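Colleague: Here is what each chain is made of, one letter per residue.
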Amino acid sequence: MSLQLKLGERYKEILFSISEVALATLIGIGISAIFIKAGGYSPTSAFFYLFKGAFGNLYGFYTSLSYSTPLMLTGLAFALSVRAGLFNIGAEGQVYIAALGAIIAASLALPSYLYLLAEFAIGIGLAVMWSLFAGILKVWKGVNEVVSTIMLNWIAYWVTEYSRSNIFYDPLSPDRTIRIPITGRLPILVENTQLYSGIFISLIVVIVTYVILWKTALGYEIRAVGLSPSASKYAGIKFSLVALEAFALSGLFAGIAGVMETIGRPPTYAIVTSLTNLVNLGFNGITVSLIGRNNPIGIIPASIFIGGLMAGATSMQIFAGVPLEMVQAVQGIIVMVLALPGIIRLIKSKVRRR
Amino acid sequence: MPPEKEVAIEMVNISKVYPDGVLALDKVSLTIYKGEIHGILGENGAGKTTLMRILYGNIKPTGGKIKVFGKEVSFGSSKDAIKIGIGMVHQHPSLVPVFTALENIYLGLPSNFKEQASLKELIERTGIKVPLEERIEDVSLGIAQKVEILKVLYRGAEILILDEPTTNMTVEEVKEFFSTLRNLKKMGKTVIFISHKLKEVLDITDNITVLRRGKVSGSLPTSQATPEELAKLMVGREVFLKLEKQESRPGEKILRVEDLWVKRNDGSWAVKGVSFEVRYGEIFGIAGVEGNGQSELIEAITGLRRAERGKVFFKGENVTNAHPLKLYTMGLAHIPEDRQKMGLILDMSVAENSILGIHRKRDFLRPMMIFNENKIKEHVERLIHQYEIVVSKINAPARSLSGGNQQKVVVGREFSKTPDLIIASQPTRGLDVGATEYIRSLLLKMRNNGKAVLLMSSDIDEIMGLSDRVAVIYEGEFMGISETSSVSEKEIGMMMGGYKMGEIGKK
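These protein sequence lines are chains A and B, in that order. The opening residue of the first sequence carries number 1 in this note's numbering; numbering runs sequentially from there. The opening residue of the second sequence carries number 355 in this note's numbering; numbering runs sequentially from there.
Since the hints were made in silico from the structure, they are not lab data. Note that the structure is a prediction, hence the values are computed from the model and not measured. Glycine included, every Cβ here is placed at the ideal spot set by N, Cα and C. Mixed in with the good hints there might be a few duds.
[To be verified] Computed beta-carbon distance windows for the label pairs: (1) A:I14 - B:Q740: 34 to 40 Å; (2) A:S240 - B:R536: 52 to 58 Å; (3) A:S240 - B:K381: 51 to 57 Å; (4) A:V159 - B:K669: 32 to 38 Å; (5) B:G804 - A:A121: 38 to 44 Å; (6) B:N726 - A:A121: 51 to 57 Å.
[Stated by the list, open to error] Derived lysine to any residue pairs resembling SDA-like cross-links, with alpha carbons at most 25 Å apart: (7) A:K348 - B:K731; (8) B:K553 - B:K731; (9) A:K215 - B:K731; (10) A:K348 - B:K844; (11) A:K233 - B:V841.
[Claimed, not checked] Listed below are several chain A residues computed to face chain B (Cβ distance under 8 Å; list not exhaustive): (12) A38; (13) L213; (14) R293.
With the hints as constraints, model all of the structure from the sequences given.
Modeller: See below:
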């Protein structure tokens with residue numbers, strides 16, 4: 001038995017979610033088509049290659065999965081916070097700082113078998129610490145987590161960028177940091193694709209989080225605080241403790257994502273100029289979470305969908321000749337439209353609670 | 355009344371049945387004369403506000419006639435009521451906080467509005483002085499109330515309905531406010547003054563109509579009214595629920611409250627130096643009209659609100675401002691007043707709600723804090739069976755339950771803690787007769803088994819029927835503490851209206 005709704009009753013909800021995503025995608029495609037047309041390109045061929053690049057063949061599919069690997073975790077970071085009633089958008093910065101942590105580990109002289117461990121330990125440690133900054137400000141001084149995490153994101157960006165260009169740069173290729181040593185990398189899953197073994201870690205973390213949220217007293221308290229602060233106070237649940245737990249956990253998830261992107265994704269294994277291989281992983285996680293209804297299980301298909309969008313965008317650029325800027329605009333439009341229903345729901349529930 | 359008095363309002367046989375079948379008003383008739391201050395008195399839920407909202411056009415009566423200045427009227431909305439000169443001032447001022455008093459008065463005037471008297475003139479004549487340039491959020495609630503009255507008068511109201519206008523006022527403000535009302539009366543305005551405060555009604559009104567459970571239980575000129583009689587009319591003579599009540603055998607003190615001071619959210623004092631004790635084997639009742647500080651008192655005792663001054667001892671230990679969890683582990687259970695906001699998490703399932711607050715109890719957990727779902731299932735099914743909770747399945751959200759069944763979940767859960775002291779706030783509010791009796795019998799059983807009960811209720815019958823000793827709270831202070839057997843319901847009613855126990859005998 002489960003304390004949750006039974007599968008039969010969930011069907012409706014799932015069907016509704018899927019049709020919502022489908023409708024949003026269509027609207028997003030429609031709006032983007034106008035832009036593409038206005039730019040003088042063919043919307044049909046652009047979207048043909050978008051789809052083909054994402055799910056049209058095995059290679060595309062693996063690429064999509066590889067992009068979904070970190071998004072699952074950053075999506076989870078946001079979802080868990082929402083469950084605790086927090087609007088924590090700090091995963092973006094925590095990803096940077098975790099990646100930096102992995103590079104710091106790589107810069108150390110260690111026995112080769114220790115690199116993996118050190119990368120995860122330092123990267124996650126930094127990310128959790130980063131997240132807890134916002135958490136402590138929240139419970140200690142009541143600082144709104146939206147404001148603090150946005151600021152921390154920028155600090156993380158410049159700290160990482162400065163470290164990349166001034167401390168950990170590769171003398172042979174100063175546009176990026178030193179690379180992760182071979183023994184410190186995650187194995188590639190499918191040769192000649194970007195799909196690396198990190199996806200299993202992501203999936204395990206998602207499932208464990210699901211269990212924590214719905215099958216343990218810890219998750220019960222997180223959800224109680226998110227659903228009714230007054231009732232959880234009555235139940236003797238300590239808000240500050242639960243909030244700190246939520247911040248720490250979401251820092252943990254974002255940290256794993258940041259480390260894995262750096263030590264798992266071929267061929268770079270480093271942080272590059274302007275952190276372009278990390279930027280937006282955290283923010284896209286918000287979209288993933290909203291599409292997945294802030295439910296860990298829903299986040300799995302949602303992250304694959306957004307991963308596909310990212311993979312398809314590359315193919316759209318190469319094969320349909322749409323310039324990068326336009327591709328990014330299209331991506332932005334679709335992501336935005338997709339996130340809308342979730343955002344509206346989130347605002348509604350906040351308003352209702354008042 | 356002298357015959358030349360003009361009738362302002364005549365309501366004949368007004369009935370109101372709400373869609374859910376609740377009979378809020380049962381053939382209520384009343385006559386209000388022009389230029390008088392007419393008091394409408396009654397307990398919470400007696401139908402005062404419903405009646406006035408009908409007069410103001412907010413809601414439609416199920417039956418009956420309304421005549422205003424001799425003409426029969428039927429209001430589609432309150433706009434129609436305003437047009438013929440009826441204005442209503444609600445308990446909570448409906449003003450825009452960031453606008454100034456002046457802006458609020460002018461706000462929403464129709465474009466073809468013709469002023470009968472300039473605002474300045476109006477202020478002079480009525481003597482309602484308000485700082486027109488101050489923002490509403492910066493002024494006291496008493497002043498906001500005045501602004502609202504001014505706003506209504508400016509729109510040409512001849513008949514003013516004031517719904518519990520003094521709730522948020524200090525004693526000084528009330529005095530000043532009453533002189534304003536007398537001014538209005540001199541100007542020939544008709545004022546309907548809704549209240550449950552006996553003292554105030556006796557002080558300011560010319561005639562009084564008392565409502566009880568949707569019916570007029572009495573109508574009389576104020577000059578002939580005594581507080582005793584009004585209390586009797588308000589509370590009624592109906593017999594209490596008859597419960598088998600054994601002789602109480604009170605034992606040691608379990609809870610002791612010493613000179614407790616508690617603030618409301620807005621920073622004003624809700625509880626002003628309350629002291630009492632509860633003993634094993636007794637039910638201690640706290641009676642009072644809602645909003646007189648009893649909620650804050652209970653919250654302070656149960657660790658949900660800061661006590662600013664004073665001390666609370668539970669089982670001899672100082673637990674002032676202790677964490678609720680500590681109190682629970684010491685043997686306290688708390689049925690909170692607001693089941694929807696505190697007692698339950700509506701979006702969680704019935705099963706999840708059945709362990710709220712005891713979710714870390716070892717019985718429900720496996721290692722690693724993983725829930726033992728079989729144990730939880732047993733627990734919730736036991737509650738459902740024992741308390742006859744009507745629920746489709748244990749996984750259904752608590753939101754889907756009726757109010758009575760929601761309350762049973764809370765009550766069942768709290769009793770399942772096998773507490774030594776249970777603090778029950780409005781435990782039977784909104785429940786049907788059967789559920790009410792069941793919960794009351796549980797409270798009595800606890801007491802008979804030598805445990806203690808602190809019962810807070812605004813239902814006099816409940817307090818009188820259950821408590822061994824009773825305290826009445828009025829504006830944050832106890833008007834008196836007495837053995838229930840040596841105090842009459844009338845006296846309780848008077849204390850609820852602001853008379854100290856010592857004063858009653860002299861009246």
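Colleague: Hint by hint, note whether the structure agrees.
Modeller: Results for each hint:
1. A:I14 - B:Q740: 34 to 40 Å: Roughly 36 Å apart at Cβ, these two residues keep to the hinted range, so it holds.
2. A:S240 - B:R536: 52 to 58 Å: 53 Å, holds
3. A:S240 - B:K381: 51 to 57 Å: Given range 51 to 57 Å: holds, Cβ gap about 56 Å.
4. A:V159 - B:K669: 32 to 38 Å: 54 Å, violated
5. B:G804 - A:A121: 38 to 44 Å: 57 Å Cβ-Cβ, so the 38 to 44 Å window is violated.
6. B:N726 - A:A121: 51 to 57 Å: Cβ of N726 (chain B) to Cβ of A121 (chain A): about 34 Å, so the range 51 to 57 Å is violated.
7. A:K348 - B:K731: 32 Å, violated
8. B:K553 - B:K731: 53 Å, violated
9. A:K215 - B:K731: The hint holds at about 13 Å.
10. A:K348 - B:K844: 48 Å, violated
11. A:K233 - B:V841: 37 Å, violated
12. A38: Violated - the Cβ of A38 (chain A) stays beyond 8 Å from chain B, reaching only about 43 Å at its closest.
13. L213: Status violated, d = 11 Å.
14. R293: Nearest chain B Cβ about 13 Å off; hint violated.
In this structure, the hints that do not hold are numbers 4, 5, 6, 7, 8, 10, 11, 12, 13, 14, in rising order.
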